[in-house]
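Student: The primary structure of each chain is shown beneath.
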Amino acid sequence: MAERPRVRLPKEARKGEVIVIKTLIQHDMETGLRKDPAGNTIPRRIINKFTCDFNGKPVFSADLEPAVAANPYLQFNARVDESGTFRFSWFDDDGSVITADEKIVVT
Amino acid sequence: MRKRSRREMLALGGAALAVAGGPWRAAATPAEAAAEIAKFTGGKPAERGKISIDLPEIAENGNTVPLSIVVESPMSADDHVSDIMVVAEANPRPGLAVFHLTPQSGRAEVATRIRMAATQNIVVVAKTSKGQFFTEQKQVKVTIGGCGG
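If you read the sequences in order, they're chains A and B. Under my numbering, the letters of the first sequence match residues 1 to 107, in that order. Under my numbering, the letters of the second sequence match residues 1 to 149, in that order.
Worth flagging that the hints you see were computed from the coordinates, not collected in a lab. Note that the structure is a prediction, hence the values are computed from the model and not measured. One or more hints might be untrue.
Which chain A residues face chain B? A few, computed with CB under 10 Å, are given here [to be verified]:
#1 E17
#2 F54
#3 A70
#4 T107
Chain B is nowhere near these chain A residues, computed Cβ spacing over 10 Å in every case [claimed, not checked]:
#5 D63
#6 A69
#7 V106
From the three backbone atoms N, C-alpha and C, an ideal C-beta is built for every residue, glycine too.
With the hints as constraints, model all of the structure from the sequences given.
Tutor: This is the structure:
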């Protein structure tokens, strides 16, 4: 179902550079609108929130609705002024949080 | 035996139609989409422009439609895009996503993939740190909807 996030960003950057970050996580993003063959509604289960922090400071976040496609893909940018660690978090409807960390060296 | 299987087939077809029909009946309207936007802007008017939306003109599969948004902004501490809302006018629910940006985002650019139930307008509203609102919209023709059974 969920898990296995993939994050792509450069390993190195110059101070003040704006980098592109691409993230993808495997998730059905079940809308809560579909029905199973017996006619019962399949309960909603989506990634409802995504956050990206750099060295503890917020960079980007997103509130997602069921209209975001399965295996939610997000591309955004970040300005890096120092070396450090990006933390990415995906919040599932079931209460679980999946995280990934990526380091970047800024020269 | 033959007759019966045909009846079963018909029943199955009917059930499939009923399932597919479910979300359509509940489709949002442009008015509901506008209400969703009003909640976001607090009723303030949004100016046209500053936003470019990249969406295919025709989406053969509504299950995953690539969307990318670029908003013109210096993204400085006192003048940056803080929030970008995306609304669909004919999906079962109008809300699609809200992106929150910071000066640390560097550029007001976001890309994702969305579901579209039918041919409709996708509306983007951007809020700046100065409290201004900008909006833009784009129509996508959808061949096969991506929100139902």
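Student: Give a verdict on every hint.
Tutor: Structure-based check of each hint:
Taken as an interface hint, A/E17 checks out: its beta carbon lies about 8 Å from the nearest beta carbon of chain B, inside 10 Å. With a least beta-carbon distance of about 7 Å to chain B, the hint placing A/F54 at the interface is held under the 10 Å criterion. Hint on A/A70 holds. Least Cβ distance to chain B is approximately 7 Å, under the 10 Å limit. The closest approach between the C-beta of A/T107 and any C-beta of chain B is roughly 17 Å, which is over the 10 Å cut-off, so the hint fails.
Listed as outside the interface, A/D63 is inconsistent with that label: its C-beta sits roughly 4 Å from the nearest C-beta of chain B, within the 10 Å cut-off. With a minimum CB-CB distance of about 4 Å to chain B, A/A69 fails to clear the 10 Å threshold, and the non-interface call is violated. At roughly 13 Å from the closest C-beta of chain B, the C-beta of A/V106 stays outside 10 Å, upholding its exclusion from the interface.
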